[in-house]
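Engineer: We have chain A; now place chains B and C onto it with these hints.
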Amino acid sequence: MIVRTLAELAAELDGDVVGDGSTLIHGVAGIREAMPGDITFLANTRYESYLTETRASAVICSREPRFAAIPLLRVENPYLAFQRVVRVFRPDPYRAALGMHPTAVVSPQATIGPESSIGAHCVIEAGASIGARAVLLPGCYVGPLAAIGEDTFLYANVVVREECVIGARCILHPGVVVGSDGFGFAFDAGRYHKVPQVGNVEVGDDVEIGANTTIDRATTDCTRIGDGTKIDNLVQIGHNVVIGKHCIIVAQVGISGSTQLEDFVTLGGQAGLIGHIRIGERAMVGARSGVTKSIPAGEVWTGYPAAPHGLWKRLTAMVQKLPQLFQRARALEERVERLERQKQPEEVR
Amino acid sequence: MIVRTLAELAAELDGDVVGDGSTLIHGVAGIREAMPGDITFLANTRYESYLTETRASAVICSREPRFAAIPLLRVENPYLAFQRVVRVFRPDPYRAALGMHPTAVVSPQATIGPESSIGAHCVIEAGASIGARAVLLPGCYVGPLAAIGEDTFLYANVVVREECVIGARCILHPGVVVGSDGFGFAFDAGRYHKVPQVGNVEVGDDVEIGANTTIDRATTDCTRIGDGTKIDNLVQIGHNVVIGKHCIIVAQVGISGSTQLEDFVTLGGQAGLIGHIRIGERAMVGARSGVTKSIPAGEVWTGYPAAPHGLWKRLTAMVQKLPQLFQRARALEERVERLERQKQPEEVR
Amino acid sequence: MIVRTLAELAAELDGDVVGDGSTLIHGVAGIREAMPGDITFLANTRYESYLTETRASAVICSREPRFAAIPLLRVENPYLAFQRVVRVFRPDPYRAALGMHPTAVVSPQATIGPESSIGAHCVIEAGASIGARAVLLPGCYVGPLAAIGEDTFLYANVVVREECVIGARCILHPGVVVGSDGFGFAFDAGRYHKVPQVGNVEVGDDVEIGANTTIDRATTDCTRIGDGTKIDNLVQIGHNVVIGKHCIIVAQVGISGSTQLEDFVTLGGQAGLIGHIRIGERAMVGARSGVTKSIPAGEVWTGYPAAPHGLWKRLTAMVQKLPQLFQRARALEERVERLERQKQPEEVR
Numbered sequence: 001m002i003v004r005t006l007a008e009l010a011a012e013l014d015g016d017v018v019g020d021g022s023t024l025i026h027g028v029a030g031i032r033e034a035m036p037g038d039i040t041f042l043a044n045t046r047y048e049s050y051l052t053e054t055r056a057s058a059v060i061c062s063r064e065p066r067f068a069a070i071p072l073l074r075v076e077n078p079y080l081a082f083q084r085v086v087r088v089f090r091p092d093p094y095r096a097a098l099g100m101h102p103t104a105v106v107s108p109q110a111t112i113g114p115e116s117s118i119g120a121h122c123v124i125e126a127g128a129s130i131g132a133r134a135v136l137l138p139g140c141y142v143g144p145l146a147a148i149g150e151d152t153f154l155y156a157n158v159v160v161r162e163e164c165v166i167g168a169r170c171i172l173h174p175g176v177v178v179g180s181d182g183f184g185f186a187f188d189a190g191r192y193h194k195v196p197q198v199g200n201v202e203v204g205d206d207v208e209i210g211a212n213t214t215i216d217r218a219t220t221d222c223t224r225i226g227d228g229t230k231i232d233n234l235v236q237i238g239h240n241v242v243i244g245k246h247c248i249i250v251a252q253v254g255i256s257g258s259t260q261l262e263d264f265v266t267l268g269g270q271a272g273l274i275g276h277i278r279i280g281e282r283a284m285v286g287a288r289s290g291v292t293k294s295i296p297a298g299e300v301w302t303g304y305p306a307a308p309h310g311l312w313k314r315l316t317a318m319v320q321k322l323p324q325l326f327q328r329a330r331a332l333e334e335r336v337e338r339l340e341r342q343k344q345p346e347e348v349r
Numbered sequence: 001m002i003v004r005t006l007a008e009l010a011a012e013l014d015g016d017v018v019g020d021g022s023t024l025i026h027g028v029a030g031i032r033e034a035m036p037g038d039i040t041f042l043a044n045t046r047y048e049s050y051l052t053e054t055r056a057s058a059v060i061c062s063r064e065p066r067f068a069a070i071p072l073l074r075v076e077n078p079y080l081a082f083q084r085v086v087r088v089f090r091p092d093p094y095r096a097a098l099g100m101h102p103t104a105v106v107s108p109q110a111t112i113g114p115e116s117s118i119g120a121h122c123v124i125e126a127g128a129s130i131g132a133r134a135v136l137l138p139g140c141y142v143g144p145l146a147a148i149g150e151d152t153f154l155y156a157n158v159v160v161r162e163e164c165v166i167g168a169r170c171i172l173h174p175g176v177v178v179g180s181d182g183f184g185f186a187f188d189a190g191r192y193h194k195v196p197q198v199g200n201v202e203v204g205d206d207v208e209i210g211a212n213t214t215i216d217r218a219t220t221d222c223t224r225i226g227d228g229t230k231i232d233n234l235v236q237i238g239h240n241v242v243i244g245k246h247c248i249i250v251a252q253v254g255i256s257g258s259t260q261l262e263d264f265v266t267l268g269g270q271a272g273l274i275g276h277i278r279i280g281e282r283a284m285v286g287a288r289s290g291v292t293k294s295i296p297a298g299e300v301w302t303g304y305p306a307a308p309h310g311l312w313k314r315l316t317a318m319v320q321k322l323p324q325l326f327q328r329a330r331a332l333e334e335r336v337e338r339l340e341r342q343k344q345p346e347e348v349r
Numbered sequence: 001m002i003v004r005t006l007a008e009l010a011a012e013l014d015g016d017v018v019g020d021g022s023t024l025i026h027g028v029a030g031i032r033e034a035m036p037g038d039i040t041f042l043a044n045t046r047y048e049s050y051l052t053e054t055r056a057s058a059v060i061c062s063r064e065p066r067f068a069a070i071p072l073l074r075v076e077n078p079y080l081a082f083q084r085v086v087r088v089f090r091p092d093p094y095r096a097a098l099g100m101h102p103t104a105v106v107s108p109q110a111t112i113g114p115e116s117s118i119g120a121h122c123v124i125e126a127g128a129s130i131g132a133r134a135v136l137l138p139g140c141y142v143g144p145l146a147a148i149g150e151d152t153f154l155y156a157n158v159v160v161r162e163e164c165v166i167g168a169r170c171i172l173h174p175g176v177v178v179g180s181d182g183f184g185f186a187f188d189a190g191r192y193h194k195v196p197q198v199g200n201v202e203v204g205d206d207v208e209i210g211a212n213t214t215i216d217r218a219t220t221d222c223t224r225i226g227d228g229t230k231i232d233n234l235v236q237i238g239h240n241v242v243i244g245k246h247c248i249i250v251a252q253v254g255i256s257g258s259t260q261l262e263d264f265v266t267l268g269g270q271a272g273l274i275g276h277i278r279i280g281e282r283a284m285v286g287a288r289s290g291v292t293k294s295i296p297a298g299e300v301w302t303g304y305p306a307a308p309h310g311l312w313k314r315l316t317a318m319v320q321k322l323p324q325l326f327q328r329a330r331a332l333e334e335r336v337e338r339l340e341r342q343k344q345p346e347e348v349r
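Chains as they are written, first to last, in UniProt numbering: chain A, 1 to 349; chain B, 1 to 349; chain C, 1 to 349.
Keep in mind the hints are simulated off the structure, nothing from the lab. Please read all numbers here as calculations on a predicted model, not as lab measurements. Among the hints, a few may not be true.
[Stated by the list, open to error] Simulated crosslink set (BS3-like; lysine-lysine; CA at most 27 angstroms straight-line):
no.: 1; chain 1: A; residue 1: K313; chain 2: C; residue 2: K321
no.: 2; chain 1: B; residue 1: K313; chain 2: C; residue 2: K293
no.: 3; chain 1: A; residue 1: K313; chain 2: A; residue 2: K293
no.: 4; chain 1: B; residue 1: K293; chain 2: B; residue 2: K313
Isolated chain A, as found in the complex (with noise of 0.2 angstroms):
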């Protein structure tokens, strides 16, 4: 069991102690499910209530919270130095073989990286390479002259199609297919006839991929996810696709063809984008939004059509205020009929 005092951890992670820096920690938890012995956190004040009745030792947390029997430890960044705490209590406990899975069949084409673990039942094709201290889980396919970067860690049954390139340090979870077909089809005599997908997918370094996400090829020319981006599951990226560097593209997002998204774009859940539209950097589209149209550099949009999200709002309010309206309609009718009644006897006068 590791066990730090709650000193040892504000000492390692650069954060003040409020109360009893002896306290003796050996686990992290959730604010509901820690119990004695764990550190918790506090990144979002809507769970400041649960401070009161966690059975937690400490918190992390920014500032001082109203109520607090436990210690503190106060950091600018509590997400962030949970971030660190986690790897402090729970050290990853696997660690992949090194070497190749006598099940692995690996073209003698292919350049296999030192330290690098393939395993079983992996399939890389010739003109593939594998860097070094890459792991690739069992089921995983690596298609010809495709190249996986340094570092990069592929759990089970991912498949990267030929020619497409994985930059260093990424994580691509189960199921991820790189370098499908983008979908384009020529309508002729009928019937629709496939255009060639002859491009491929370039991933920079530090990208992270959800399970079962889908990154088409480029028609001509190259799908390309800028370093540092994060990509959660079952997302859905078209055909020339470029998305810039440190995005955050959350569960079953749609991206269609050709749409470019500049550096620090964020995109919330279920969110989609058609085709050959530019989002801003920095810009962040709302979940379940429709993007019609290009979003300017650091705006909020959303909605289907999307649009600012202040309007947004504002029209939201007023489809909810719609039975109030029809009924001020109503009712101005009535009064302007009396007020029409009261005039003709004048005007007949």
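Structural biologist: Quick look at chains B and C alone, frame taken from chain A:
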């Protein structure tokens, strides 16, 4: 060929025959596709019109339909009776071979229950356990310390990551991913840092999980799916979500982190739920709804932002009537203008 | 390197050259990415402005653009011509090895067509048949009695469950699941009972199915996909759905059980269709629409609940104008109040 008289079926299903109980039945089919010798069923009144043209030899229904040229088998719950009758005429013809396929890679530190079936190219890591009579079709991956319950069935290419627990009698369809990392990143110094996801997923008994559905492991603690819950295809369930017993989650739903569903909740297809909310017992969410706050027990909510179903219907109907409302406003403006014009001379008089 | 003169390409594509027919072309690329020696294409007028800055040596287009400093290749259908020209310069360099990989597990009761390719770690069960020249990349699973047509191509990790039939010349992208159980449960005595799904899926010829898309088998009878239909990634198709010929189904669409699409239907991305409805021939459904009733042939519907596109546009525009409408109501109320106040003295007079 399996053959029964209608009277024999009625006895098995605890129902009544209306018509000729000696009618011979040897198959089961939908009302439009049925052929002579088939029994069909009528659960949805919208199909009642097909009763006059079906070629079926008998029909399972709950009350006597207005027209029916064929014998009836009356039961309380026709869909339930249909469920039973399917298995009478179509017993499952496939049985996975017992034991481990020679191409499976099973850790000597894994525990494999009696009468289980481990298909070709499966991988079972150290410390994992497979319950008695469980079946893993080819290409499944069960990570370190994961547990698969008794009589549970994994179709091809299912991934259950380390430490996750699947109960008894569950069915996981092809491509399911259980235990992928939750989507959590702390932003600092211009980039996102991964928050280690060190919790797990615990799936209860009698749960069904649809093809290519993804269930994320908890950050710390546990993502839970309660007994008897049925999940359709391509659903995304975020980290630390807690789902009660006997819930129904239709295809392409997304549930964000830490949200809770009490028992018997139903979520319609493509609905999305934000994180940290609670859906009360027996509540229902309409298809495509976007739920942004907690829903009290027993209520039906629809729309985006989701609202009580009756209110949503009213608002939707009012939006449809906006063209008239705009016309009424125009008409009112003209009438008021006319009144004002008539007024003015009076005032100057 | 493959090189052609523009005149040679024009002859192959049945088009006219405007400009220097001796221009040498050795590649094909998008209008923004093209380099000297490339031919590009202009199908979408929104890209016309790029014509002045492209580095391409020629452009395929349907009519003479206003500005173009480079030679043109005029054809009737530029996208179709592009489709052909891609294959001129980028013939598919990959050919799967014929025969069965030694790690494939193929039942002696399966039928394997001539010149087919069964990749590493594939599993083909008893009674299944693989057509002539079909290709299965590694990790595919073909269940008992399933059939894969001639010249059909399965990318890595595709699952086709028992008794399902895939036609000729189809393409199934990685992670596709065909024949997962339909989502059907009968509620009784406080829990859901699984309705056995004993039908199958039949996919016609020349069908393409995108990565990680799931198609459920019928309860009884058959889920059908017609010839020439193209389905994008992460689409969900429910049990007993019947899809006609030459339909286009864009990514993340969900189609509920027993719904029917006639021929040449187009469904935009992320659209959802309830069960038991019928979409008429050549009808189109806009992206993100929620379709709650049948659509007549040839119509274009959008929104949720989906309505004819023109009506939806009008309603959407009116919602945007709600702020003005509320102001107009306020102004009317004030004017009427003023009128009423002026009136009163008259009345008491």
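Engineer: Hint by hint, say whether it matches the structure.
Structural biologist: Status of each hint after checking the structure:
The suggested pairing of A:K313 with C:K321 holds, with an alpha-carbon distance near 14 angstroms, which does not exceed 27 angstroms. The suggested pairing of B:K313 with C:K293 holds, with an alpha-carbon distance near 15 angstroms, which does not exceed 27 angstroms. For the hint pairing A:K313 with A:K293, the CA-to-CA distance comes to about 19 angstroms; that is within 27 angstroms, so the pair holds. Between the alpha carbons of B:K293 and B:K313 the distance comes to roughly 19 angstroms, so the proposed pair stays at or under 27 angstroms and holds.
The structure shown violates none of the earlier numbered hints.
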